[in-house]
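Protein chains in written order, with our numbering: chain F, 2 to 128; chain W, 11 to 507.
If you are wondering where the hints come from, they were derived from the structure by calculation, not from laboratory data. Mixed in with the good hints there might be a few duds.
[Stated by the list, open to error] Computed beta-carbon distance windows for the label pairs: (1) W/Glu489 - F/Ile66: 49 to 55 Å; (2) W/Gly73 - F/Ile66: 18 to 24 Å; (3) F/Ala23 - W/Phe310: 34 to 40 Å; (4) W/Asp76 - F/Ile18: 30 to 36 Å.
[Said to hold, decoys possible] Pairs of lysine to any residue residues, derived as SDA-like cross-links and limited to a Cα-Cα distance of at most 25 Å, are as follows: (5) F/Lys57 - W/Ala221; (6) W/Lys373 - F/Phe107; (7) F/Lys57 - W/Ala218; (8) W/Lys496 - W/Asp291; (9) F/Lys36 - F/Gly108; (10) F/Lys36 - F/Arg102; (11) F/Lys57 - W/Arg217; (12) W/Lys373 - F/Val122; (13) F/Lys36 - F/Ile90; (14) W/Lys373 - F/Asp120; (15) F/Lys57 - W/Leu196; (16) F/Lys57 - F/Ala69.
Note that the Cβ used here is the ideal one computed from N, Cα and C, for glycine as well.
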Amino acid sequence: MTLIDPLIALATRGVTIFLMVAGLYVVIARGNMVKKLVGLSLFQSSVYLLFILPGKIVGGTAPIIDPAFEVYAHPLPHVLILTAIVVGIGTLALGLALVVRIREAFGTIEEDEILAREDAVRVERDE
Amino acid sequence: MIAAHLPVLVVLLPLFGGLLAALSRHNEAAFWIALVASIATLAAAAALAGQVMAGGPISYRIGGWDPALGIEYRIDAVSAPILLLVAAMGVAAIVYARRSVTVEIIPERVAWYYTMMLICLAGLLGMAASGDAFNIFVFLEISSLSTYTLIALGRDRRALLAAYQYLIVGTIGATFYVIGVGLLYLSTGTLNFGLIVERLPEITSPRALIAAEAFIVVGIALKLALFPLHAWLPNAYAYAPSSATALLASTATKVAVYLLARYLFAVFGIQRSVGPISVADALMALSLLAMFAASLAAIFQNDIKRLLAFSSVAQIGYITLGLAIANEAGVTGAFLHIMNHALMKGAAFMAIGAILISAGSSKLDELAGIGRTMPVAAGALTVAGLALIGVPGTSGFVSKWYLVLGAIEAGRLWLAILIVASSVLAVLYVGRILEVIWFREPAKRSLEAQAVPLSLLAPTLVLAALTIWFGLDAGFPVELASSAAKALLGVSKGALP
Chain F
2 MTLIDPLIAL ATRGVTIFLM VAGLYVVIAR GNMVKKLVGL SLFQSSVYLL
52 FILPGKIVGG TAPIIDPAFE VYAHPLPHVL ILTAIVVGIG TLALGLALVV
102 RIREAFGTIE EDEILAREDA VRVERDE
Chain W
11 MIAAHLPVLV VLLPLFGGLL AALSRHNEAA FWIALVASIA TLAAAAALAG
61 QVMAGGPISY RIGGWDPALG IEYRIDAVSA PILLLVAAMG VAAIVYARRS
111 VTVEIIPERV AWYYTMMLIC LAGLLGMAAS GDAFNIFVFL EISSLSTYTL
161 IALGRDRRAL LAAYQYLIVG TIGATFYVIG VGLLYLSTGT LNFGLIVERL
211 PEITSPRALI AAEAFIVVGI ALKLALFPLH AWLPNAYAYA PSSATALLAS
261 TATKVAVYLL ARYLFAVFGI QRSVGPISVA DALMALSLLA MFAASLAAIF
311 QNDIKRLLAF SSVAQIGYIT LGLAIANEAG VTGAFLHIMN HALMKGAAFM
361 AIGAILISAG SSKLDELAGI GRTMPVAAGA LTVAGLALIG VPGTSGFVSK
411 WYLVLGAIEA GRLWLAILIV ASSVLAVLYV GRILEVIWFR EPAKRSLEAQ
461 AVPLSLLAPT LVLAALTIWF GLDAGFPVEL ASSAAKALLG VSKGALP
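Next up, chain F with everything else stripped away, as it sits in the complex (with noise of 0.2 Å):
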C-alpha cells in the first residue's frame, strides 16, 4: 500500500499536465465547434484535478472528526471544485446552446467554413 499510493499521485500528477496541455491543443487546433468545447470541457477538468490532489494526503480519511483517526484530506478543495464544476457544467452548456444556434443560422459548425461564408456575403454585398 506504501508503494502504491506514491505511484497513483505520481500517476494522476501526469494526468493533470497531460488534460490540461491535450484539452488547450483541442481547442486552438479543431474547427469544429462542438470539438473545441470538448477540449475546453477537458482543460477545465484538469484544474479540478490540479485543486483537489494535494488536498489528498496519503494515508487519510474523509474529513469527519472521529478518536480512532488522526490524519485527515483537506476538505475545502473538494468544495471549491464543486463549484467550479457547477460553472463548467454552465459554461458547458450556453457554449452547446450557441452552437445550436448557430447551425441553425449557418448550417454548419466547421469554424472555417462559417468564415468563408461570410467572406462570401461580404463580397457579394461590395459587388
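Following the hints, complete the assembly by docking chain W onto the known chain F.
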C-alpha cells in the same frame, strides 16, 4: 442595521433583481424590476463610497466566519470607485435599454435580456467587492456567462459567432485565472487577499509564485482585452445589442483592470522582475502597442461600432500604461481614465445605438450628414469623440494630463511624447466620424432617419454632459482616483491599508 450589510447588498440586489425579472416573464414588469434593482444598487454603492471616504476600508464577513475560513468582502478606496462606476453605468444602460430593446430584441426574450443585464452587474460588482480570490473567480464566471448571452441576443447572426468566440477565449482566461489562484492557494494555504499578502514573504521557493503570477496576469489580460489578447472584443462589441455594448464597454473591461491592479500592486508587486524584465516594463510595452496598433486599426474601420471597439482596446492601453508607470500621478491617471473612459465610451456607444435604431445602419459611408437630421445623437457622439482624443474641456484631457504628468515624474519624457503622439491617431479616427456625420451632404439613410425618443437620448446626454463636466471640474473623480492610487501604492510598499 442595513448599513452594516451594504457590502453584500450591493451584490445581492442585482442578483435577486435578476431572479425576479426572470420569474416575472413580463417585459414591462422586468424593466421596472431592473430599474428599481439597479437604482437601489447605485444607492448602496454610493453609500459605501461615502463610508469608505469617511472611515477607511470596510470588511464584511459573510455568515460571520473568520476570513481565514470564510469569505470576506472588502470595500476600500480602490474598489469603492469601481462599485460606484459599475452601478451608475448599470442604471444608465437599463434606462437606455427600455426603448432600444423594442427594436433590437425579439419580444419573448426581453425579460431574459433584463435578467442577464442584472446578473452581469451582480457578477461585476461581486468581483470588485469580494476579497476572496476564488470567490472572485465565481463572480468572474457569473458576469462572463451573462455577457456571452447578452452578446448572443444581438440581431445580426454574426452576434452568435462573436458570443461563441468570446465564450472560448473568456473561459480559457477564467480557467487560467483559477489555475493561478490554485497555485497561490497551494503556496499560502489561504484564498483571502489580505492573508495571501501576509504570508507571501514566508514562501521560500518563488517558482510556484512566478507560475501563479503568469497564469493570473494572462487570464485577467484576456478578460480586459490587453493587446494582443483583444481579438474577441471588436466583434463582441460590434454585434451585441446597443445597450449591452454600452454596458460592457463601460464596465466589464474596467473591472478586469481593477482586478489586475489589485494583483499587481497588492499581491505580486509590479516592480518584481522575472529574468531581466520587470512586470511593469512588459505591461508598458503591451500598453504602448495597444495605444498605437489598435488606434491604427480603428482608423481603417467602416462600421462605427467596430471603430469604437478598436478605440476601446487603445484606451485600455492608456489605463494599463498608467498602472505600469506605477507612481502616484500615473495610477491616478489610470483610475481617472477607468471612470472617464467608461462615461465617454458609454455615451459614444449609446449615441451610435440611437443612430443605428433610427437610421438602420452604423456604417460610416451610409451615415453621411446624419448630424443634420439627428443633431442631438450626433452631438453626443461628437462630445464623446473629442473626449477620446483628449481635447481640453473634456474628461479625456484630465486623465491624459495625469498620465503625462506620471510619465514625466518617472523621468520618462519619451513616454509622455508617445502618449501625446498616440492622441494624433485618435484625432484621425474621430475626425473621420466627425467629417462624415457633420460635413457631408446627407445620404438617403440620413434623410429618412426618424426622431428618437427622449428615453433613448436622456442617458446618452447625461453621460455626455458628465464627460464635459468632469473635463471642466475634475475635483470629484480626481479625489476618488487619487485615493485609490494612494491605497494601491501604499500596499505595494508593504504597508497594509
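Results for each hint:
1. Distance hint check for W/Glu489 and F/Ile66: the Cβ-Cβ separation is about 52 Å, which falls inside the suggested range of 49 to 55 Å.
2. Between W/Gly73 and F/Ile66 the beta carbon distance is about 21 Å. The supplied range of 18 to 24 Å therefore holds.
3. One distance hint, 34 to 40 Å for the beta-carbon pair F/Ala23 and W/Phe310, holds here, with the actual separation near 38 Å.
4. The hinted range of 30 to 36 Å is satisfied by W/Asp76 and F/Ile18, whose Cβ atoms lie roughly 35 Å apart.
5. At roughly 22 Å between alpha-carbon atoms, F/Lys57 and W/Ala221 fall within 25 Å of each other, so this suggested pair holds.
6. Our distance criterion of 25 Å between C-alpha atoms is met by W/Lys373 and F/Phe107, whose separation comes to about 23 Å.
7. With a C-alpha separation of about 19 Å, the suggested pair F/Lys57 and W/Ala218 falls inside the 25 Å cut-off, and the hint holds.
8. With a CA separation close to 21 Å, the supplied pair W/Lys496 and W/Asp291 stays within the 25 Å bound.
9. At roughly 17 Å between alpha-carbon atoms, F/Lys36 and F/Gly108 fall within 25 Å of each other, so this suggested pair holds.
10. Restraint check for F/Lys36 and F/Arg102: the C-alpha separation of about 16 Å stays at or below 25 Å, so the hint holds.
11. At most 25 Å may separate the alpha-carbon atoms for a hinted pair to count; F/Lys57 and W/Arg217 meet this at roughly 22 Å.
12. A distance of roughly 16 Å separates the Cα atoms of W/Lys373 and F/Val122; the hinted pair therefore holds under the 25 Å criterion.
13. Straight-line distance between C-alpha atoms of F/Lys36 and F/Ile90 comes to about 16 Å, which keeps the hinted pair within the 25 Å bound.
14. For the hint linking W/Lys373 to F/Asp120, the alpha-carbon distance of about 17 Å falls within 25 Å, and the restraint holds.
15. For the proposed pair F/Lys57 and W/Leu196, the alpha carbon gap of about 12 Å is at most 25 Å, so the pair holds.
16. For the suggested pair F/Lys57 and F/Ala69, the alpha carbons sit about 19 Å apart, so the restraint of at most 25 Å is met.
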